[in-house]
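Peer 1: Chains as they are written, first to last, in my numbering: chain A, 29 to 317; chain B, 29 to 317.
Read the hints as simulated data drawn from the structure, not as lab findings.
Remember, predicted model here, so these are calculated numbers, not experimental data.
Don't take each hint at face value.
Treat identical chains as interchangeable: a pair holds within one or across any two.
[What the hints assert, rightly or not] Below, in silico cross-link-like pairs of lysine to any residue (SDA-like), each with a Cα-Cα straight-line distance of 20 Å or less:
# : residue 1 : residue 2
1 : K282      : E188
2 : K260      : P53
3 : K260      : G130
4 : K260      : E131
5 : K260      : E132
2 protein chains.
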Amino acid sequence: MDLSERIENGMQLALRYSTANGCPPLLARGMRHAVFPGGARIRPRLCLAVAAACGDRDQQAATAAATAIELLHCASLVHDDMPCFDNAATRRGKSSVHAEFGEEVALLVGDGLIVAAFETVARETLHAPRLTAPLIATIAKAVGSPYGLVAGQAWESEPEINIDQYHRAKTASLFAGAVSTGALASGGNPQDWLVLADALGSAYQVADDLYDAIGKTGSMGKPAGQDTRNGKPNIVLSIGIEGALGQLRLLVDKAADSVPDCAGQDAFRAMIRNEATRLMPKQLAASAA
Amino acid sequence: MDLSERIENGMQLALRYSTANGCPPLLARGMRHAVFPGGARIRPRLCLAVAAACGDRDQQAATAAATAIELLHCASLVHDDMPCFDNAATRRGKSSVHAEFGEEVALLVGDGLIVAAFETVARETLHAPRLTAPLIATIAKAVGSPYGLVAGQAWESEPEINIDQYHRAKTASLFAGAVSTGALASGGNPQDWLVLADALGSAYQVADDLYDAIGKTGSMGKPAGQDTRNGKPNIVLSIGIEGALGQLRLLVDKAADSVPDCAGQDAFRAMIRNEATRLMPKQLAASAA
Chain A
29 MDLSERIENG
39 MQLALRYSTA
49 NGCPPLLARG
59 MRHAVFPGGA
69 RIRPRLCLAV
79 AAACGDRDQQ
89 AATAAATAIE
99 LLHCASLVHD
109 DMPCFDNAAT
119 RRGKSSVHAE
129 FGEEVALLVG
139 DGLIVAAFET
149 VARETLHAPR
159 LTAPLIATIA
169 KAVGSPYGLV
179 AGQAWESEPE
189 INIDQYHRAK
199 TASLFAGAVS
209 TGALASGGNP
219 QDWLVLADAL
229 GSAYQVADDL
239 YDAIGKTGSM
249 GKPAGQDTRN
259 GKPNIVLSIG
269 IEGALGQLRL
279 LVDKAADSVP
289 DCAGQDAFRA
299 MIRNEATRLM
309 PKQLAASAA
Chain B
29 MDLSERIENG
39 MQLALRYSTA
49 NGCPPLLARG
59 MRHAVFPGGA
69 RIRPRLCLAV
79 AAACGDRDQQ
89 AATAAATAIE
99 LLHCASLVHD
109 DMPCFDNAAT
119 RRGKSSVHAE
129 FGEEVALLVG
139 DGLIVAAFET
149 VARETLHAPR
159 LTAPLIATIA
169 KAVGSPYGLV
179 AGQAWESEPE
189 INIDQYHRAK
199 TASLFAGAVS
209 TGALASGGNP
219 QDWLVLADAL
229 GSAYQVADDL
239 YDAIGKTGSM
249 GKPAGQDTRN
259 GKPNIVLSIG
269 IEGALGQLRL
279 LVDKAADSVP
289 DCAGQDAFRA
299 MIRNEATRLM
309 PKQLAASAA
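Construct the complete structure from the given sequences, taking the supplied hints into account.
Peer 2: Quick look at the structure:
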C-alpha cells in the first residue's frame, strides 16, 4: 500500500468511528466535509515518509499518528475559516464548513476532529502501549498551547505579534509533530529530524505566503489575497517576491541537507525537493527549484 | 491530600504547562479564566471517589484522568457560551470567556483546553503505559463524536432532537467517563459502575433543568431561564416541577443502590446522597431528599 492509500484509509477509519450510527446527522456530514476530499496531505505524508526512513517498525502506529496529525490540521482549518477569524467562504474549492453547515456545526466539527485525533492514536496503539503516551504528548505539543497551532492562531489576536514565534507555532510546530511522531513510531530518534522539520515548515510557510501574494489559492487551500485583506503578516510584504523565493530555496536546501543517516537517505532528499517544487506556485517553481 | 486539593493541584499543573512562558498572553489569561475559580468540580470528584473505592492503586493516573475530564468540561462551557450557541455573557458569576476576551480567544481557549486534557493524561501516565490508551480512549468517547459531549451539543442544531439521545450525550456521557476512568486508573472494572454513572448523570441533568426552570443559576453555572429563552429541551417544561422532583429522587436512589461491592460502599452511597442534595436548588432540596 502506498503512502496516500494508507493515509486515506486511516482517515476513513477515523471518520467511520466518529460518525458512526447514532451521530447527529449534520455533525457527521460536517466532519466528512472537513476531511474529504483532502488537500495535499503534506503533513501525514511527511510523517509516514520519516517512519519508512526509520525502518517502518510499526506501520499501524505510524498511520495512526499521520491520521491524527491530518485530522488536527483539518480541525484547525475549520476553526480558522470561521467568521471570527478569516471569515473564509471557501476552502479547497468548495464551501467552508461554516458556510455550508452554519457556525455552530463548524465549531463542533473542529472540536470533534480534535477529539477524534487523540482517540485514533489511543485506539490504534493498544498493541504497543509504550508508544501511546509519547505519540500523544508529541502531537498535543504540536497543536496545543503554549507553542502549537492553537497558540499560533492566538498570536493573531495579540496587539503585538512576534512574527517568528507566530510562524513557528502556526506552521512549523505541526511539521515538527509529523516528523517526530513518524520517527517515534519506528523507534527512531525525533531529535535527529528536527532541523529538517523546522526548515520544511518554514519553507511551506513561505510558499503559502507567496501564493497569497501572487493571487492564487495555494496548496494549503486558503483563498488568495486573504492575508493582505485581513492585515496578517506575510513575508512577501516585507522582503518582496524575489526575496521570498530566495528564502524558499535556502530552506529547501537546508531541509534536504539535514536528512539524517538512514537507509533511504537519497530517496528522502529527492522526495523533499520534489514535494517542495510541487507545492509552489507553478509560475515560480522553475526559478525556485 | 483530600479530593478537592488533588483536583486543584492537577488543574494548576495542567495550566502551568499549557500557559508556560512564551504563550500568547490573552490565550493564557483566557485559559485560566475558564478554569479558575472552578465550579463544584462534580465530575473529577466522582472520578477520584470511584478510584478510591476501587483501592486507589495509581493516584497519579486517577488525578490525571480527573483533571482531563474537568478541563474538557470547562472547554465545553467556553464553547457552549459563545454567541452561536447560548450567547451567555456570564458563567460562574463572572464574565464568560468570549465576553471578556472576544470570540477568537474563546474559541482557541476551548481548543487549547481540549488538547491540554489529552496531553495531561499522556504526560502523567508515562510510568504506567498500559493505562494511557484505555484512559484516553474512554475520555475521548465521553467527549467526542458520535456519543459524547460534542455530539450532545450538535443535537441542538438538528431539526429534530431525540431528547434521550441528547441528554445521554450532553450530560450522562461525561459522568460515565469520570466513573470509568476512576475505575480504570485503580484496576477496577468500569462496567461495574456504569449504572451509577448513568443514573447520576441523569440526576444532574434534571437538577440543572430545575434550576433553569425556577430561575436560579444552578450548580453548572448556567444563567437561569436560558433553556426557555433558547427554546431548548427542559424536563420541567414537559412533566412539571413536581414530576421532575420525583424523577430526581428515583435517579438518586438508583445511583446509590447501584454502588458495586467495594471497601467503601456505605461511605460512597452517603456521598452520592449528600452531593445530590448539595447541588439541588435549596428551596427544593428538602422535598427531594
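Peer 1: Each hint needs a verdict: does it hold in this structure or not?
Peer 2: Each hint tested on the structure:
In the homo-oligomer, the alpha carbons of K282 and E188 never lie at most 20 Å apart, since the shortest distance is 30 Å inside one protomer and 55 Å across protomers. In the homo-oligomer, the alpha carbons of K260 and P53 lie at most 20 Å apart only across protomers (19 Å), although the nearest pairing inside one protomer, at 36 Å, exceeds that limit. When the C-alpha separation of K260 and G130 is checked against a cutoff of 20 Å, the pair qualifies only between copies, where the shortest distance is 18 Å, while the shortest distance within a copy is 25 Å. For the identical chains of this complex, K260 and E131 are inter-copy neighbours only, at 18 Å across copies versus 23 Å inside a copy, given an alpha-carbon limit of 20 Å.
When the C-alpha separation of K260 and E132 is checked against a cutoff of 20 Å, the pair qualifies only between copies, where the shortest distance is 15 Å, while the shortest distance within a copy is 25 Å.
Violated hint for the displayed structure: number 1, the only one.
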